[in-house]
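Undergrad: Place chain W on chain H using the hints.
Protein sequence lines, in the order shown, are assigned to chains H and W.
Numbering-wise (my numbering), the first sequence opens with residue 1 and increments by one.
Numbering-wise (my numbering), the second sequence opens with residue 1 and increments by one.
Bear in mind the hints are in silico, worked out from the structure with no lab data behind them.
All values reported here derive from a predicted model rather than from experimental measurement.
Yeah, the Cβ is synthetic: ideal placement off N, Cα and C, and Gly gets one too.
One should not assume that every hint holds.
[To be verified] Residues from chain H that face chain W, not an exhaustive set, calculated with beta carbons under 10 Å:
1. R325
2. M349
3. P357
4. G386
5. V388
6. I389
7. E394
8. A416
9. H435
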Amino acid sequence: MSSLEELSHRHDDQAKLAESDTVPRGAPILELRGLQKKYGLVEALKPATVTFLAGEIHAIVGENGAGKSTLIKLLTGVIRRTAGEVFWCGKPVQLATPNEAISRGINAVHQEVVLCAHLSVAANMFLGDEMNRYGLMRKGAMEKAAQAVLDDLGFQLPAAAPLGSLTIGQQQLVATAKAAMRGIRFLIFDEPTAYLTRQESAQLFRLIRRLRDQGVTIVYISHRMEEVFELADRVSVLRDGTHVGTRLIGETNEAELIALMINRSIEQIYHKEKVVIGKPIVETKGLSGPGFEDVSLTVRSGEIVGLYGLIGAGRSEFALGLYGRQPVKSGEILWEGQKVEISNERKAMDLGIALAPESRRDQGLCLNLSIGLNINLPVFKRLSSGLVIRKGDEADNAERQIRDLRIKTPSRSVLASAMSGGNQQKIVIGKWLSHGAKLFIFDEPTVGVDVGTKAEIYRLFGELLKRGAGIILISSYLPEVYELSDRLHVFRGGRLVASHDYRAGTHEDVLTQAIGI
Amino acid sequence: MSVDTTTESAPAPRKGRNILLGLTLFGLLAALWLALGLSTHAFWTPGNISNLLRQGAMTAILAVGQTFVIITAGIDLSVGAIVGFTSVIVAWLLQAGVPLWASIILTLLMGVAIGAFHGFGIVRMGLPPFIITLATLTSLRGIGLLITNGSTISINHEGFTNFSRMDFLGVPSLFWMVILVAIPAFVFLHLSRFGRYLFAVGSNSEAARLSGVNVNRTIYLAYILSATCAAFVGLLLASRIGIGNATQAEGWELQAIASSVIGGTSLFGAVGSVHGPLLGAFILATINNGANLLNVNSFWQRIITGLLIIVIVYFDQLRRRGSR
Chain H
1 MSSLEELSHR HDDQAKLAES DTVPRGAPIL ELRGLQKKYG LVEALKPATV TFLAGEIHAI
61 VGENGAGKST LIKLLTGVIR RTAGEVFWCG KPVQLATPNE AISRGINAVH QEVVLCAHLS
121 VAANMFLGDE MNRYGLMRKG AMEKAAQAVL DDLGFQLPAA APLGSLTIGQ QQLVATAKAA
181 MRGIRFLIFD EPTAYLTRQE SAQLFRLIRR LRDQGVTIVY ISHRMEEVFE LADRVSVLRD
241 GTHVGTRLIG ETNEAELIAL MINRSIEQIY HKEKVVIGKP IVETKGLSGP GFEDVSLTVR
301 SGEIVGLYGL IGAGRSEFAL GLYGRQPVKS GEILWEGQKV EISNERKAMD LGIALAPESR
361 RDQGLCLNLS IGLNINLPVF KRLSSGLVIR KGDEADNAER QIRDLRIKTP SRSVLASAMS
421 GGNQQKIVIG KWLSHGAKLF IFDEPTVGVD VGTKAEIYRL FGELLKRGAG IILISSYLPE
481 VYELSDRLHV FRGGRLVASH DYRAGTHEDV LTQAIGI
Chain W
1 MSVDTTTESA PAPRKGRNIL LGLTLFGLLA ALWLALGLST HAFWTPGNIS NLLRQGAMTA
61 ILAVGQTFVI ITAGIDLSVG AIVGFTSVIV AWLLQAGVPL WASIILTLLM GVAIGAFHGF
121 GIVRMGLPPF IITLATLTSL RGIGLLITNG STISINHEGF TNFSRMDFLG VPSLFWMVIL
181 VAIPAFVFLH LSRFGRYLFA VGSNSEAARL SGVNVNRTIY LAYILSATCA AFVGLLLASR
241 IGIGNATQAE GWELQAIASS VIGGTSLFGA VGSVHGPLLG AFILATINNG ANLLNVNSFW
301 QRIITGLLII VIVYFDQLRR RGSR
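Isolated chain H (complex conformation) (with noise of 0.2 Å):
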């Protein structure tokens, strides 16, 4: 028996609970029946029929808003339904509380990893389950069960180590690891693989396979399509809060889930337009800085310079010594030709660099303040004469990025955290759009958006680009920076290891070059 099994058994008592509520693999566990949620008038899920069966692994696909939150909050009890019923095993039930959801094995790993950054890797796994003797804990046990569970799933982390200390994709396997070890019926993944790795990712689907095979249903939620189709035995589409339809995973094809979820075809979801490359905006020559060294590389008008790596391979460090947030150690940076010192966040605004940076919710983003406000935040100064806002400029502002950039939002004053991972990324590409820079570096920008943002996203950096600007596109989504960039730069420990001119090499080239082997 697998440690991993072993621990799990640790609840089969709490699983009695429910031990009559046992069906047979490929059988209906839980069945939703014209399930509905509305906040007020608003009718975030209309009434939606879908049976997950036992030990299968059933993705949820749909844009942003499309209500896919909704039903997670549902099925793990955080909200509560407006009408419509829930079968467990054949039972009615309620899933009124979160505990009542984990009591009968439903949980959910998040896409923002919800752990304790300060505690070990082991402390974080038995947080709130405790091994004890004589009302101690048992310290040294739990790290050896840690690290058991660790090994055996692959994942090559240190059980003693703090949570603090490792990426946020590896804090995302050991939350998944912590739910695994729960003895779980029922798991539900929201985009898990946002932060992740491709080794990562790959280490989490050996798990997510090994939890269907044990007969765990996983409800696996997710934007990127070619991992509904690797990993998925059925999928279901919502669009608009309404349930559109599901389908066996062998019936059906990208271009059919496409169009159900956003009910119109796109052409290709990476456009990119036909622009006449000009002048260098910005060349580094040498840039060293905490995280990376020795990076030249050059800007020109009209250009998506891709830079590709692992995550923590010296890309956004890099962005950050360029934009002034980080200071660099040596090595120049030149403007339009001429030399210059970016010592400051605000001499790299001055100069036209706008930055989207890797975490909208760390970075990027005031959640709890309006949208207008986040829009507004690098342009007061211009929308104030002396010291005192100009009212009416300040909403025209905000309200030309919510129309241009299509945030669905009934209202400037909605706080930003009340929005959806795709709706965020647009306020906080409007915050540039409005300052007007000539260099433009996302960050990440796609991460946790659907596919229509993703698209309206690509598009926008083609209207920048025929207005001369630059774009600096990081990504971890190795199609993304493969099919956009006019030159593709592959990252490792720092340094700059290669470069691609557009769609020049292959993926497994440039994959190679970024891991190294």
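TA: Using the frame of chain H, we list chain W on its own:
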């Protein structure tokens, strides 16, 4: 959860909430005044109302300054100590024969300097706001006691001490001082870009920094404003009691924080207004005043104030959750 552009109902905009809270607090204040007016004849007398406005005025000014700091997700524990300390400073300067106008300006500058020191400690030394302002709280009282050698300095300047007893248009001069502070404070917080920056820094300082906001300067500004408001209150207190004494205004920082929180300011930052703490301060003053008139044991006043903070902030939390 995002919603359709066609629906107008979804998440409650913050502005509406602010106004709602302001109205509720105003209603509470009016209800208190009405209830006290019905239960004791002494309440609605010109003398008592003037007294109430004087009592509330100083806390109100402190609370406005405190609110700037709390919006940046900080805290200023030193304001009570600054009041006591600056009362000593102004008394000392007047005793030394410095002209009144110069004494006032120098005392206010002392507030600026203390606030700048707080900013320095937070920005340059990386100390948590709680710690640096706690440190100045005890140190300033100590310095004040050293200057006065543990006693008080009396103020013999008639014009200065008469000021706090003066009325203008039937309203006490101290209350006019609240208006004098509140109007520019309102313009600063709600109409100027620096106000927006305070909110942005309190919400997410990294996002603010990457958006080109000078985060350090914003933090300096918040603490300087708070300390300067406190120095201003120190002047008013010295005028009112006619002495400089470093041990005065004990615990006023907590009154200021309580007023601010009752007025809807979130201790997590990025939520707050100017009118909220003003109402909060006068609600607290009314409770104290009413309790005195009704002969409620002053120990009970403290308990009631504590309970009131819990109830008001709890209802505010409920409303906030409800509007999500």
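Undergrad: Compare the structure with each hint and give your call.
TA: Hints, one by one, checked against the model:
Because the beta carbon of R325(H) sits about 7 Å from the nearest beta carbon in chain W, less than 10 Å, this interface hint is met. Residue-level restraint check for M349(H) holds (minimum Cβ-Cβ distance to chain W is 4 Å; threshold 10 Å). Taking 10 Å as the C-beta cut-off, the interface hint given for P357(H) holds, the closest approach to chain W being about 6 Å. Because the beta carbon of G386(H) sits about 9 Å from the nearest beta carbon in chain W, less than 10 Å, this interface hint is met.
Annotation: V388(H) was flagged as interfacial toward chain W, and the flag holds, the nearest CB pair being 5 Å apart, inside 10 Å. With its C-beta approaching chain W no nearer than about 6 Å, I389(H) sits inside the 10 Å limit, and its interface hint holds. Here the hint on E394(H) is kept, as its CB sits about 9 Å from the closest CB of chain W, short of 10 Å. Of the supplied interface hints, the one on A416(H) holds, with its beta-carbon coming within about 9 Å of a beta-carbon of chain W, less than 10 Å.
Against a cut-off of 10 Å between C-beta atoms, the interface hint on H435(H) holds, since the closest Cβ of chain W lies about 8 Å away.
When the structure is compared with the earlier hints, no violation turns up for any of them.
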